[in-house]
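Undergrad: Dock chain B against chain A, hints included.
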Amino acid sequence: MPEMPPTTLAQADWQDVAARESFWVRRQKAVIGLAAMILLLILWELAARFIVDDDTILPPPSEVVTDCWQHFTIPYPAQSSTLIGHTVYSLVRITIGFIAGSIVGIALGAAMSAIRWLRYAIDPIIELMRPLPPLAFIPLLVVWFGIGEVPKVLLIFIGVVPIMIIATLAGLDGVPKQLMDAAASLGASKRYAMIHVRIRAALIPIVTGMRVAVGVSWTSIVAAEMIAATHGIGYVILQAGNYLDTSLVFAAIILIGLIGLLMDRALRLILHRLDPTA
Amino acid sequence: MTEPQAASAIRIAGVSKYFRRAKGAEPLAALLDVSLDIEPGSFTCLVGPSGCGKSTLLSLIGGFARPDQGRVEVNGTPVSEPGADRGMIFQEPTLFSWLTVHDNVLFGPRAQGKLSPDIEASSTELLDIVGLAQFRDHYPHQLSGGMKQRLAIARALINRPGVLLMDEPFGALDAITRGTMQRFLLDLWTTHRTTIVFVTHDVEEAVLLADKVVVMSPRPGRIAASIDIDLPQPRSTSSVDEPEQVAIRRQVRGHLAQVLDHA
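Chains as they are written, first to last, in this note's numbering: chain A, 1 to 278; chain B, 1 to 263.
This is chain A alone, in the form it adopts within the complex (with noise of 0.2 Å):
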């Protein structure tokens, strides 16, 4: 059998490589995806118009657009914030709570990574806590911290923390012990290979949590501004629903979509950064 060339080989890897890349395919499903949102709009738009037509039980998208767009400049209600302002009392409220709570819980993941006994103690904690709903925690955080910005704070917290600890223990422990294997025989120290394999590693699953937790974060943050704020999307929502405020109350919705939306998209970034088979 004649010596294979080495250009017929690097073909036939061409080959391979260009199957694994379909990019037609992700195109198709952007553009299928917006034209189902678009039909949706429309539905809704005609719906409202024609066959409701009655603005406190379904506003045109147009309506709540127009709705939204005047609130970025009139306080609503009149003596609080415009919509730009309650986003930005949740967004800070949700920042706090998500940083700090992802800060304890990748550190406790890690703690309970490394000590065993740390994670006897704590693993049955979380099974108890995980299938709970955070919301639940509202009447004791009130009673025990009022109604100030700290239990809101708190109860984002609480909500990211269990996540945050199973997506650092999942990914510092899913780390193949091969590739840890591999990278010792390729020189690396322990120190090196923890920090550059393991850790590095880990960080794509651990991105992967922050992603969960944004949106259970937006979850909370509504229903504890529902209870007792007087500012924050959600007291926006609950406010605009007892004056019969439809439309603010969906552009309020929509304004939670979208930033969840975007926050999950910078996250989905920074994934893309860690992950090149994302």
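No more than 20 Å apart at the CA atoms, straight line, and that leaves these computed lysine to aspartate or glutamate pairs for EDC-like:
{"no.": "1", "chain 1": "B", "residue 1": "K114", "chain 2": "B", "residue 2": "D103"}
{"no.": "2", "chain 1": "B", "residue 1": "K212", "chain 2": "B", "residue 2": "D202"}
{"no.": "3", "chain 1": "B", "residue 1": "K212", "chain 2": "B", "residue 2": "E244"}
{"no.": "4", "chain 1": "B", "residue 1": "K212", "chain 2": "B", "residue 2": "D37"}
{"no.": "5", "chain 1": "A", "residue 1": "K190", "chain 2": "B", "residue 2": "D85"}
{"no.": "6", "chain 1": "A", "residue 1": "K177", "chain 2": "B", "residue 2": "E168"}
{"no.": "7", "chain 1": "B", "residue 1": "K212", "chain 2": "B", "residue 2": "D241"}
{"no.": "8", "chain 1": "B", "residue 1": "K212", "chain 2": "B", "residue 2": "D230"}
{"no.": "9", "chain 1": "B", "residue 1": "K114", "chain 2": "B", "residue 2": "E125"}
{"no.": "10", "chain 1": "A", "residue 1": "K190", "chain 2": "B", "residue 2": "E81"}
{"no.": "11", "chain 1": "B", "residue 1": "K212", "chain 2": "B", "residue 2": "E242"}
{"no.": "12", "chain 1": "A", "residue 1": "K177", "chain 2": "B", "residue 2": "E92"}
{"no.": "13", "chain 1": "A", "residue 1": "K190", "chain 2": "A", "residue 2": "D173"}
{"no.": "14", "chain 1": "B", "residue 1": "K212", "chain 2": "B", "residue 2": "E39"}
{"no.": "15", "chain 1": "A", "residue 1": "K177", "chain 2": "B", "residue 2": "E81"}
No lab work stands behind these hints: they were computed from the structure.
TA: Frame of chain A; chain B shown alone:
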């Protein structure tokens, strides 16, 4: 060493390794009093049924485990931990998924703080040798199985290891890719003459590649036979059908059958 002797690349002297399957259970001898000398620049294949300790032996040479009895020396130095002087290739390519092909190759030098323009140049050269020059900025997940394994080999070779340890490196590849990889490894070994220890359960592969086939027996893991293969080098994958290879395969299979009868 007290007495003068031909320098071995790898010297395994009276090595035993036990595993305890459960608390209180009788320890299982994965390896029992195994001695083996491997010459520099030779290609040794360890074959045997599963449980014969061939992978354990390889991991002792690699420094991933320590023997309970006996000594393992590589180039006259006792093995105490994994090191860049012994390149290790696993069945799975174990690449760093977040590094490009080129950065995967440079992992070793970078970890040892030895990155230099010279090293970068030899990385480029190595990528050329393993046929991945055009893929230097690709990521591992974009490569096929054979390409991944060639990258793993290049990544080990950049450290210029005296010894290349391969644990069923082609076991997860399809038959056609495996043939290509065998030819690639033979070419590489013919030009570079690194000492290779290669674990496989494929007798045809062992006889094709090695100049010495070591047959191991299970429970306890021992060396049952050591067969020198005096076939002309360089070999090519087409030589598997030649009568000499067929005859040696029959001999190796005979030893394996005996080993299994005793087990």
